[in-house]
Each structure stands twice: as structure tokens, then as C-alpha cells.
Amino acid sequence: MTPQEPTGMLLHDTALVYGRYLRQSLRSRFALLFGALTPLLYLLFFGPLLTGLPLGRAGSSWQILVPGLLLQLGLFGALFAGFTIIMESAQGVVERMRVTPVSRLALLLGRVLRDATVFVFQAVLLVLAAVAMGLRAPLAGILVGFGFVALLTISLASLSYAAGMKVRTPQEFGPLINAVSMPSMLLSGLMLPMSLAPAWLNVLSHFVPFRYLVDAMRDAYVGHYATAHMLYGVLVAVGFAMLAVTAGTRVFRTAGA
Amino acid sequence: MAAVISAAGLARTFQTKAGPVDAVRGVDLTVHEGEILGFLGPNGAGKTTTLRMLTTLLKPTGGTAAVAGHDLATDPAGVRRASGYVAQSGGADPGIGVREELVTQARFYRLSKADAVARAGELARELDLTDFLDRRTAALSGGQRRRLDIAMALTHRPKVLFLDEPTTGLDPGSRADLWDLVRRLRDEHGTTVFLTTHYLDEADALADRLVIVDGGTVAAEGTPGALKLRYGGSLDATLQDTFLAVTGRAPAPAGDAPVAV
Ligand SMILES: Nc1ncnc2c1ncn2[C@@H]1O[C@H](COP(=O)(O)OP(=O)(O)O)[C@@H](O)[C@H]1O
Ligand SMILES: [Mg+2]
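Protein chains in written order, with the numbering used here: chain A, 1 to 257; chain B, 1001 to 1261.
Derived by calculation from the structure, the hints in this document are not laboratory data.
Where is the CB? At the ideal position from N, CA and C, for every residue including glycine.
Accuracy of the hints is not assured; some may be wrong.
Unchecked claim - Pairs of lysine-lysine residues, derived as DSBU-like cross-links and limited to a Cα-Cα distance of at most 35 Å, are as follows: (1) B:K1159 with A:K166; (2) A:K166 with B:K1059; (3) B:K1113 with B:K1159; (4) B:K1113 with B:K1059; (5) B:K1113 with A:K166; (6) B:K1017 with A:K166.
Stated by the list, open to error - Only some residues are given here: those of chain A computed to face chain B with a beta carbon under 7 Å: (7) L16; (8) R57; (9) A58; (10) V93; (11) R96; (12) R98; (13) V99; (14) T100; (15) V102.
Build out the structure end to end from the sequences listed, making use of the hints.
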């Protein structure tokens, strides 16, 4: 890719790559639904435990839990996206694309936008199930929440693809992702709000970017949009996405070492 | 004859956890227009690494090269327009249909939708894939899949076609078909073909000229006849003896399988 590549070509190529991978996702409907299974189980069998507990935040327990589960869905799903690029590299698909003039940024963007689409779709299913379980939240807040899920998946999928291009074997990739995903989930207060945490844990959690996203999303779910949490959440989500896509594109451009 | 590929001191060192690996150390070579060049060498000689540098997939750590007048370092886009590449692993996704793969590849080369569909049909006819257009690529035989890989690489009618061990894993019938295909591409379209192989009989039968690489450097080059004469002692020498004389190592024992280096 030349640095001054025309934007028209970037859009053309991104749409092409996006279409290819979206069709691939649609061909495996089972996987499409299966991805939402873990958070759905939490919703069904963990959610009811919280309904009577004081959680130290405004809103019902569902308004606190559902944002966390949606981000958990994006976190785990998107972090594992890189597995597919390891398979594609072994099949020669990645190099076959990289010898064409196709934009390197589009090779990444098309894939991560597909991932964002899939996870937002699963998030919609999860919210519908949550409404059936008793969630009541403003529609605008729920839509804002989907925006955070999309940004999170774009960020994490980009980094995951970059890691997949670097490590090249599933045996190295799996442990790496597990080492990132579990602490991220626990330290960001996805399951229970960090307002319940002792001071040291609360402080520690501020070094995990997802903490800001979940706080902002929980505000959105109770209809509070002009808050400091929301500001930080948006800044972190957008900044993180830009950094991650830049890092990912760099790897797609120079991959092969 | 004009040089369509020229490389001088082309080198690549990989940084690995176990220390640096000098995969290619200073390769000089010239390939003429319309030539079928056999890039011959044992496993690990640096063939794939050289090919990946010449196709812009990998940045050299030393030296320079140009393909069809486009410099690797300063005009990678020009190199990509002029060359097609088939990796040893191929490049088709097993879960995707043959038609979709051909059309997508044409779209990557920026053909319009209608042109891409037309080009896919043309390539399928030329490479005898028309009957398989609606199959998933996983359902193709080895020879058919190879032809699909080559069809994808020919999408933009490149001047130079790079093939990395194109017949490894093919049955004898498919190998013979592929040799015919390579000759036809050169004869009908004037395409320059740069192919790597570790099969001596393939190099002997197919290549106009050979470049023998070993340990990341060029050990010898010339027509098969000239190499036999110079290193094997006579025109009747086998390429196997010649190879032995060049590298100081015996190629793998010959069976009825293709003779591999
Ligand atoms: N990405 C890489 N990282 C580290 N070493 C590599 C890499 N690719 C190739 N090598 C090493 O470089 C040498 C040449 O490899 P290669 O070009 O694949 O040889 P050939 O294609 O002739 O079999 C080998 O020793 C191989 O292990
Ligand atoms: Mg090789």
C-alpha cells in the first residue's frame, strides 16, 4: 500500500474483504449462534443470583450485569479471532491476497468489521434474552452499548489478528490469549461492578482499559449519558481502537518475518 | 534477450529466538523474458525465501532486485502488477467455492464486478476448471487445486509467474499436465516462469536454464546441458551426478518416485 492510497480504493477493498468474510460467517450459522452461548448461560444461571443483592450502583441488577456480559462476549470472541488468520496463513490465503494490490488496511478492516457485525448481532440476541429475564433499560442506552461492543471488538480483533500473524502456531496463540483474556475480564469488573472492590483492586482495575467501557455502558443502561464515566469510556474506546487498528495494519503490511 | 528479473546480492536474515538465521545470503541472478527458469535446491536452501522477496511479501535485509523494471524497494506496487505468485501451500480457502475465489481475486486486482465475472469464466476455460466452478475448493483433486491456484495468479495477465514447488504432492499424471501448462503459458503468452523445485527430473524436463542454490547462495547456473557438461563431465551425465558435483552432496536415493534433491 502506498501511503497516499486513494480512499475510494480503500472503501472498495474493505467492502470486498468484508463481504467475503461475512459470507463465510453466514455459511456457518451454528458458530454464529454458538458464540453467544457462554454469556447466555451467565445470563440464565448467574443473573438471577444478583437480583436481590446491593451492587453499589444505580439501576437494577440486570442493568449492571448485561453491559458486562455484552463486553465479555466481545472480549472473548474478538480475542480469539486471530485463530482464523493462523489457519489462513497455513493455507496460503493471506499471502495470496498480499501479492495483489489490495490495500493492507482493507485486509484488516474488512475482517474486523465482519467480527464487529457478528458480535453486535450476538449482542442483540443476548439483550432480547435479557429483556425476557427482566431487563428494563432505555433504548438509546442499549444502542450506545452496542456501539461500545463494536468498538471493543474492532480493537481486540485487530490486535488478535496481528498476534496471529506474528506467532503463526495455535500452540503459541492459545496460551497467549488466555493470559490476556482472563485477567482482563476479572480486573475490569465485567461480572460485578468494581464499586464493590477493596481500594487496591479498584485502583488496579483502572489500568485495564475495559474498566472504562463497562462503567460507561452501565451509565448508558440507566439513561445517564452526560457523565464523566461516559466521557472516559468514549475516549478510551475510540483511542484504543485507533491504536489497535494502526498496530494491526502495520503487521499486515510487513508480515512475513 | 532482455532481463525481466535481476537481483544483486539479495539477502534475508531472520531473527529467531535461537539467533539469526541467514536464509538467503547474497543471491545474484538474471532471468530473461519468456524463459522458464528452474530454481533448484534441497529443502532449506532458501528458495521460498527468495521467491517471497521477489514477490514483495518479504523485505530483503540486503541487496536489490527488480521485476519487469520495477524496483522491489521503491515500487512494490509495480512489482505486484507485473507478477503472479503461487505459494507451495497454494492459496485457496477450502471453505469457499471455485467461482467465488476466482471472482474475488479479480476484484482484488481492481476489476469491476462484471469484468471480474467474465475474467473468472475465461480463466476457468483456459485452465480447464469450468466443470468445477460451483464446487468448494476442498472438493478439488490436487491437480485441479493447483490449476485453480495458477488461475488466480494469472488473473491480471502478469509478465512473470512465480511458482513455488508447483508439483510437490501431485500424482505423475497431474505433474505431466502441469509441465504442459507451464510450457503453454510461455509459448502462447510469452510469460516468464520462475519455478522452484527439488525434483531433478522436473528441472531437467521443464527448465530452459537452472539456478542451483544451496545454503542460501547460488552454487551454479546454466542450461541443464551446460551444467552436465561442466560439472558432470559429459552431456550424457545425469543431473543427479551434476548436482552431486556442484553441492558435494548426493541427492536423495532415486526410486520410481521423482528424483528429489
Ligand atoms: N519466517 C522464518 N523465520 C525463521 N526462519 C525461517 C523463516 N522462513 C524460512 N526460514 C529458514 O530459512 C531457511 C530457508 O528456508 P526456505 O526459503 O523456506 O527454504 P526452501 O524453500 O529452499 O526449502 C531455512 O533454514 C528455514 O528454516
Ligand atoms: Mg520452500
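Now the hints, each set against the structure:
For the hint pairing K1159 of chain B with K166 of chain A, the CA-to-CA distance comes to about 32 Å; that is within 35 Å, so the pair holds. Straight-line distance between C-alpha atoms of K166 of chain A and K1059 of chain B comes to about 15 Å, which keeps the hinted pair within the 35 Å bound. Using a Cα cut-off of 35 Å, the hinted pair K1113 of chain B and K1159 of chain B holds, with the two alpha carbons roughly 24 Å apart. About 32 Å separates the Cα atoms of K1113 of chain B and K1059 of chain B, which keeps this hinted pair within 35 Å; it holds.
Note on K1113 of chain B and K166 of chain A: the hinted pairing holds, with a Cα-Cα distance of about 33 Å set against a maximum of 35 Å. Of the supplied pair hints, the one linking K1017 of chain B and K166 of chain A holds, its CA atoms being roughly 13 Å apart against a limit of 35 Å. For the restraint placing L16 of chain A at the interface with chain B, the shortest Cβ-Cβ distance is roughly 5 Å, inside the 7 Å limit, so the hint holds. Taken as an interface hint, R57 of chain A does not check out: its beta carbon lies about 44 Å from the nearest beta carbon of chain B, beyond 7 Å.
A cut of 7 Å between beta carbons decides the hint on A58 of chain A: the least distance to chain B is about 47 Å, and the hint is violated. Evaluation of the V93 of chain A hint against chain B yields a held restraint, the C-beta minimum of about 5 Å falling below 7 Å. Proximity of R96 of chain A to chain B holds as hinted, the smallest CB-CB distance being about 3 Å (cut-off 7 Å). Against a cut-off of 7 Å between C-beta atoms, the interface hint on R98 of chain A holds, since the closest Cβ of chain B lies about 6 Å away.
For V99 of chain A, the suggested interface contact is upheld, since its CB lies about 5 Å from the closest CB of chain B, less than 7 Å. For T100 of chain A, the shortest C-beta to C-beta distance to chain B is roughly 4 Å, which falls under 7 Å, so the interface hint holds. About 4 Å separates the beta-carbon of V102 of chain A from the nearest beta-carbon of chain B, less than 7 Å, and the hint is met.
Checked against the numbered hints above, the structure breaks hints 8, 9 and satisfies the rest.
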